[in-house]
Amino acid sequence: MRKKIQWLWRYYRKYPYVVAVLLVFTPIQTVFQVSIPRLIQFAVDYIESGEIPTNVTALWLIIFGHKLGLSTPATFMLALVSVGFIAAVLYAFVQSHRAWMNLRLEWLFRQNAFDGITCKGPDFFNSFRTGDLVTRMTDDVAEKLSWFACSGIFRLYEALLMVTFTIAMMLTIDPLLTLWSAGPLPILILIFFRSATLLDKRYDHLQKRISAFNDVMEACFSGIRVVKSYVKEKAQKAKFHKAVTERRDAEIFAIKAGTVVDSLYVYIWQIGVIIVLLAGGYMVINANLSLGKLVAFIFYVVYLVFPMFNIGQFLVKSRQSAVSIDRLVELEQMSPMVSDDSSVAGDGSIKGNLSFENVRFTFPGSDRKIIDDISFTIKAGQTVALVGKVGSGKTWLVNMIPRLVDPTGGMIKLDGHDLRRFKLEDLRCSIGYVPQEPALFSDTVRNNILFGRENVSEAALEWAIEVSQLRDEIATFPQGIETPIGTRGMAISGGQKQRLALARALVRRPKILILDDCTSALDSHTEAALWYRLQEVMPDMTAILITHRPDALERADAIYVLDAGKIVESGRHFDLFEQNTLYARIYKRYHLEEEVS
Amino acid sequence: MSSEFYENEQINSQEKTIRSRAAFAKLLPLLKPHRKRLLLCLLLLAGSTVLSLYWPILLKRALDIDIKGHDYRGLVITALSIGLLQAAALALQFVQRIKLETIGQDVMVDLKRKLFDHTLSLDVSFFDRNPVGRLMARIESDTEALRMLFTNTVVLLVGDMLLIVGIYAVMFYYSWRLTLLLLAIVPIVGLLTFIFERKTTPRFLEVRKKIAEITATMTEFLHSMSIVQIFHRGAYARQRVNYANKLKFVDDKYVNIAVILFFNTVFLLEPVGIGVVLFFGMVWVKSGALTVGTISLFIILIWRSFEPIWRVSEQLSTIQKAIAGAKRIFALLSEEQKLPDPIRPVHWGKLEKGICFDHVWFSYTGDDNYALKDVTFEIPVGKRVALAGVTGGGKSTVINLILRFYDPQKGRITVDEIALPDIPKAELRRRFALVLQDILLFPGDVRDNLGLESEVLPDEKIVTAARTVEADRFIRRLPQGYRTEVSEKGANFSRGERQLLSFARALVADPDVLILDEATSSVDPETERTIQASLKKLMARRTSLIIAHRLSTILDVDEILVIRNGEIIERGTHTELILMNGYYSKLFHLQFKTQMGVVANA
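Chains as they are written, first to last, in numbering that gives the first Met the number 0: chain A, 0 to 596; chain B, 0 to 601.
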């Protein structure tokens, strides 16, 4: 519990003004609110006795009213309406601040969670599915947490103040009567605590039924082909009906308990009113209490109902919110895999000489050696090809260059310096990476290529488009370079997506270019033209290619064959091909694949 | 199908109020079967409302008569009467609430079943276009929102209107002059509500759109986070999400403030009303027209008359959600089947001659992008035909068409010379058995999955089938044998075991035609041997269409159709095709030759 409060406090600290407003104005508003029955009391006493009440405040009011030329009734009415007006205005003021804070907190919770996630490593994304992450940052944050974090807590504050001030007022009228009428209060609180556990159990049971219900739907819809082809619709319907009915029964069962609690609660305060009537009525009959005071008292008891309700609500909602806080905190637990230590400035001075020295890599918590002691060097300007089966480690090896992950053993050096000593931004900005899956965004062609980078000249943009063989096609797009490409690039073809990803990688004239099997979706004509152009450009960069293309392999300065995280063969194409190597077999296979596709 | 194929949910900016009313009009028929219970509910509600109006009247009596008359005994009776009446009102209210909840639940059960049944009847292309999550949200969350709206609206419409009418009636009885004054509240509230609704409803919609934007933006970046990091665009992603958050904040702020202003203005009328009552009470004190009791009565009634408004203010977001949900539900219900069953069906009992594809052209997208081009072939009864080719070539599409998950744009598909559209889909599919790569197991036990819950099947048949495909042995080893519950997605079985289970399922169905999409992933040699043996038994003397990935299968079939880019480019037996030394020959070396080692060692 303490941790959760600490977690919330981190956010509250930033808004002292709002917190101050809420803390200060809520009691002020409550005071005005609570004064209304008092005014009613004066009026009733006046009506009853025909005389002006002896209370100081009342007298003052009447004098003030007379000065303004108002009759006594008019004075009281205006006083009441004024107090009511001020109370309403203050309440609107307080509520607006609460609402603002709710929304601001929602924004902050969500943004902070997202910000944290942007730094996490691949291990995080293996543990949490995207859908789950999004649910935590929308549903948990908005529906459950942010309302509670401000309104929930401050409504509790408001309720407690209301109860306190009301009882204070009641005490000033008559302490004994207060004792009688506030009697039911502890019973109410007891009911709430007791009922919480009973309700919990029933709602738990309901949750399970809801999960079962969802499971039936999920399995049926995911396997719709099997269901339809085996003509088992009827059976599935029967199954669904059963699950729905069980769920309904569980829900009614839970609601029955909830309704009993609510009804009991409402009835208890009714008894409070009756007690006031009996005890207070007795006092009035024996002239120990004025009628006005009795009436005011009854109204004060009614005033206690609402806050009790809010307190009860708070207890229920705080449970849900605690769960949501846990779900957000869980996201913070895993630390990023890579950190930015930056002692060496990079940028203009990066040449692109890479050397891998006894590099090893395993995922935290796993035994599998993804990269198992790899060493080799690449000189600036060279083109290197990596070849190997699926799972041989090629992609993870190249992922270490922009430091998506760091080696768990050994070191990678760039221009003689440990990769980790470069400023992360400088390092990554000098690398152009084209992944296997294009990974584009729902934005315009231009924005996808620029990817939020500023200081990119039009000339550079033009050049990147031209090398990627996109220029002519972009010209045919409805809005040219400003054409939106749809969610994940739905509106454009696979081949166009890949070339767009290439343009994105090239536009900053990177010193190191990494291409991971990036031309598979292109037709052979475009592919050939593209590679031809790339060959012209690549000598300016250190290029690392994961490729199947026979002609790319033939031209590479060095080829490294990977198997189970190790380099098993290396050399130039013609040397390797002559011998009966693993490479030769792989190469022949690639050749076949080319012909077959 | 890649996820890019999913139709995007559009939040229509043209949503008019008219459509919400139309949506609710469609809801009314669902209430019909529960008419009687609903009526009882309304009566109970009326009863408890009327009873609850009594206690302020009794309070007046207590103040004016008992206390004023120094009649303590009378007071006690009055107080106890209040207690009894309230208890009665409470009891009625309790029963009413439970009944109303039950009706609400029952109506939603009906709606959920209707939705499920309807969705199930839609064709496969609908499921390709709509992710399972979205469909589940319709049937689960949207109906729930609707249910809450139903429960609250009934109370609102009937109970609260009755309450207001009752309140004003009682007030009128005790002081018609004052009541006439107070009646002015009603049109003021009405006007304020009207203005409020006009101004804020479009803004509510805007907020929902902004939330969808946030979700979409976050999802995009999260999905491609490694690329974002590799390009060091984390700051850019954060900034984009922040901007989306900000937009939503701005709109939501407006809406929230509008709501607060509206409700507080309305609630302001409370002290105004009370002030008026007190004023006239004091002014008319000489004539005694307004006694203390009457004043108290009026004040309490004025408080109560604002209850409904308070209820609405708390429920506002629920109401909005429910309206949106209702529209989506009815949109789903109005989705139509694209492949209806024939009006004059031809009955087809058993495969006698064979299946025939006659110059079939098919495109998933309905345009020129053909997945199958001029495909013509025959599967004579009793023969086994294999489809070979690289991924995306069109093999799965052939299967989709044979089972009539889609209809071709051009050409005909016939079984025993009857065109597929002329046969009722259920009849057609009963004679086929489909075995896919991803073996889908359903919640339930093993027996349920093998028989796909047909209680008509005797256990014997299921066990025999399991034994034939060598699945019986490992099933019996399970904790509860055939009654063992299958865990989510069948995770408690190995890949090999799942394959055997799917063979058993196919065998139980005892189909005329077996359709098999062989798994590409490999298992250990022992399991592979068992699977191959089972397959042989499954395929024995059975007409089969197989997407082949196993060497043993390829060598075993009667004809191989080689598909490339939606066309059949070569056909024949394995030997014939190898001798042709064409595309198949290369394909063979690529896909099957590597298995020869396994076959040799088996």
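Just so you know, these hints were derived from the structure itself, not from any lab. Among the hints, erroneous ones may be present.
[Said to hold, decoys possible] Distance ranges between label pairs, derived from CB positions:
hint	chain 1	residue 1	chain 2	residue 2	range
1	A	Gln435	B	Val522	23 to 31 Å
2	B	Glu335	A	Leu22	30 to 38 Å
3	B	Asn241	A	Gln435	48 to 56 Å
4	B	Asn241	A	Val18	19 to 27 Å
5	A	Asp556	B	Asn491	20 to 28 Å
6	A	Arg588	B	Val522	45 to 53 Å
7	A	Thr53	B	Leu42	35 to 43 Å
8	A	Arg588	B	Glu377	15 to 23 Å
9	A	Gln478	B	Leu554	50 to 58 Å
[As the list claims (entries may be wrong)] Now the stretches of chain B that chain A is said to cover, found in silico as 3 or more residues with beta-carbon under 8 Å:
hint	segment
10	160–166
11	169–183
12	190–197
13	263–272
14	368–378
Where is the CB? At the ideal position from N, CA and C, for every residue including glycine.
So which of the earlier hints does this model not fit?
2, 3, 5, 6, 7, 8, 10, 11, 12, 14
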